[in-house]
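Peer 1: Here the structure of chain C is known, so what remains is to put chain L in place on it, guided by the hints.
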Amino acid sequence: MKKTVNNRAWLLVAPVMIVVLFSALLPMMTVVNYSLQDAMAENHFFWNGDSWFRDLLNPHTEIGSRFSGALERNLIFSFVVLLIEVPLGIALALALPRRGWAVGPCLVVIALPMLIPWNVVGTMWQIFARADIGLFGAALTGMGLHYNDTQDPVSAWFTILVIDVWHWTPLVILLSYAGLRAIPDPFYQAARIDAASRWSVFLNIELPKLQRVLVLAILLRFMQSFMIYTEPFVVTGGGPGDATTFLSIDLVKIALGQVDLGSAAAMSLVYYLITITLCWIFFTAMTQLDLLKET
Amino acid sequence: MARIDLVDLAHSYGGHHADPASFALKPITMTWRQGGAYALLGPSGCGKTTLLNLISGIVTPSRGKILFDGVDITPLTTQKRNIAQVFQFPVIYDTMTVGQNLAFPLRNRGVPKVEIEARVAEIARLLDLTPYLSRKATGLTADAKQKISLGRGLVRSDVAAVLFDEPLTVIDPELKWQLRSKLKALHRDLDLTMIYVTHDQTEALTFADTVVVMHDGRVVQSGTPAELFEKPAHTFVGYFIGSPGMNVVAAEVRGREARIDGHTIALDRSYDALPPGAKIEIGVRPEFVDVVAPAPELLSATIERIDDLGRVQFARVRVGDAKFAARVPPGFAACDGAAGLKFDPAHVHVYADSRLVEGAAQ
Chain C
409 MKKTVNNRAW LLVAPVMIVV LFSALLPMMT VVNYSLQDAM AENHFFWNGD
459 SWFRDLLNPH TEIGSRFSGA LERNLIFSFV VLLIEVPLGI ALALALPRRG
509 WAVGPCLVVI ALPMLIPWNV VGTMWQIFAR ADIGLFGAAL TGMGLHYNDT
559 QDPVSAWFTI LVIDVWHWTP LVILLSYAGL RAIPDPFYQA ARIDAASRWS
609 VFLNIELPKL QRVLVLAILL RFMQSFMIYT EPFVVTGGGP GDATTFLSID
659 LVKIALGQVD LGSAAAMSLV YYLITITLCW IFFTAMTQLD LLKET
Chain L
26 MARIDLVDLA HSYGGHHADP ASFALKPITM TWRQGGAYAL LGPSGCGKTT
76 LLNLISGIVT PSRGKILFDG VDITPLTTQK RNIAQVFQFP VIYDTMTVGQ
126 NLAFPLRNRG VPKVEIEARV AEIARLLDLT PYLSRKATGL TADAKQKISL
176 GRGLVRSDVA AVLFDEPLTV IDPELKWQLR SKLKALHRDL DLTMIYVTHD
226 QTEALTFADT VVVMHDGRVV QSGTPAELFE KPAHTFVGYF IGSPGMNVVA
276 AEVRGREARI DGHTIALDRS YDALPPGAKI EIGVRPEFVD VVAPAPELLS
326 ATIERIDDLG RVQFARVRVG DAKFAARVPP GFAACDGAAG LKFDPAHVHV
376 YADSRLVEGA AQ
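Protein chains in written order, with my numbering: chain C, 409 to 703; chain L, 26 to 387.
Just chain C, same shape as in the assembly (with noise of 0.2 Å):
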């Protein structure tokens, strides 16, 4: 059948395209502007080339350095976290029931965590990790250990650790149970005629069959854990020191903070094309898998 031409239709697309335009492209437009120009007090701006983005992109220079850092610091936390919540989200889906009354519950249970507002969750592990009142941070002294979120670096990592992996393992566990249910019965009817091992079971069969969750659950939880911004700010406020300054935190120091417009677009800027960057690297690496496979 011969495919109609009739740019009319892109009146249908029209609506979409404005909302798109306002809500993205305009804003993005702006930083970009920022980006490119130094602005002197009421609003007068000079031209400023690229150098916003030498120097940003310079580890010698003061911002360059703290840019470093701080890109640094998101790299391991959102490897660190992918690294704990896959297999984490992906042995409890394997734990949870397949079918009974159990499921309904255990299901609502997992999900709680991901319906609470981000300052809320910053705000409920804020106290929880105090040593002295929260039950948390009081748990952990009692025990003899030497726990201080605010005051301590590794204390402030292991703190925002356990927040991301409570808030956001449930999303690994919901979307590898979803995959896992998909799997037909005969799947597993075969592998005990075949008197295959549980392990076996795992790797030939789970494994490939939750593949393609597993891609969307990775791109989620690194772009989400990329950016994370409220539990550091409301938790530790970035430190101690420097130690759990993300780029996200930089980023709203330098724009709000010092009000260095010029710097702070740069950084948004690079900032963004890291995350496509490596989100386009992840999706193609993990959908070439199945390409690599069938041949």
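Derived by calculation from the structure, the hints in this document are not laboratory data.
Warning: the hint list may mix true and false statements.
To be verified - Cross-link-like lysine-lysine pairs, in silico, DSBU-like; alpha carbons within 35 Å at most: (1) Lys209/L - Lys617/C; (2) Lys304/L - Lys617/C; (3) Lys617/C - Lys138/L; (4) Lys617/C - Lys256/L; (5) Lys367/L - Lys617/C; (6) Lys617/C - Lys201/L; (7) Lys617/C - Lys170/L.
Peer 2: Okay, now just chain L, sitting in the frame of chain C:
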């Protein structure tokens, strides 16, 4: 390799205390002999897959025992039962090559490597999978994948039985025929007991030497294709096997005579001791009823239409309220749709409450 005995075996998905009438499999006792090619035939929901899953141990019976060579294996798990099963839809291990897929059941059981290689090569040759052995199994077509599933079912030489659960559903008709012949050849070559579940009578009759017909959770007849055709033990077998199915009509039977619509049909045997109060019917296959020119001594019928099946023609006729299918002999010319029905007495059977009644010979 074993004889399989089912002793008073029954299953209900509703638990032990469910109403016996609701059992997916009503209590049965039967024997499957070593090396037999069996087909379990019946419509969807008749309990055939349940029976298969009970034998393989995927489902634990609510009642009764399963014996392999006289040894009770009911409490054993699927892994320990030494049984192979092939499912309706292809099951392959995505991570493995075709060869590794075929070797998997043997490798898990610790079979020596040399033996695995020999066996995999043999099965691959029998199923024409040899060129694909080192390919990943994921990228293949559905029927190639199903061949791999079949291969995994056949690769173990020591199994008590290989169970097939409608294995050719996903296969194209042309290939279906080939694969079925292949399975039959494999059955001869490998000397395995095979139980083949299907709802397709052609599939059952061409594959098996013994066909077990199931209906509503019961085995209604077990016999050779010829027995099922010539002497259905239950009116259901009559309907279900043969196309068109057997004619079954209510009749009054006395001695060697059956009366339908005021007309008397001669029977080959004598039925004097019919259970009182039972619903009495006679059954006769269309192949053993001829439509001929009307005559006073014949049961008269009205022809509604004639179906030409190519090799043979069947007439759909009406006798009073009852419908009949009857063979149209070559050279028959219908006049005004009126015809007489000529029965072959040797093939007219009498049923009491749907079950065959054996007549007395004299």
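Peer 1: Could you tell me which of the numbered hints above are not met by this structure, giving the numbers in increasing order?
Peer 2: 2, 4, 5
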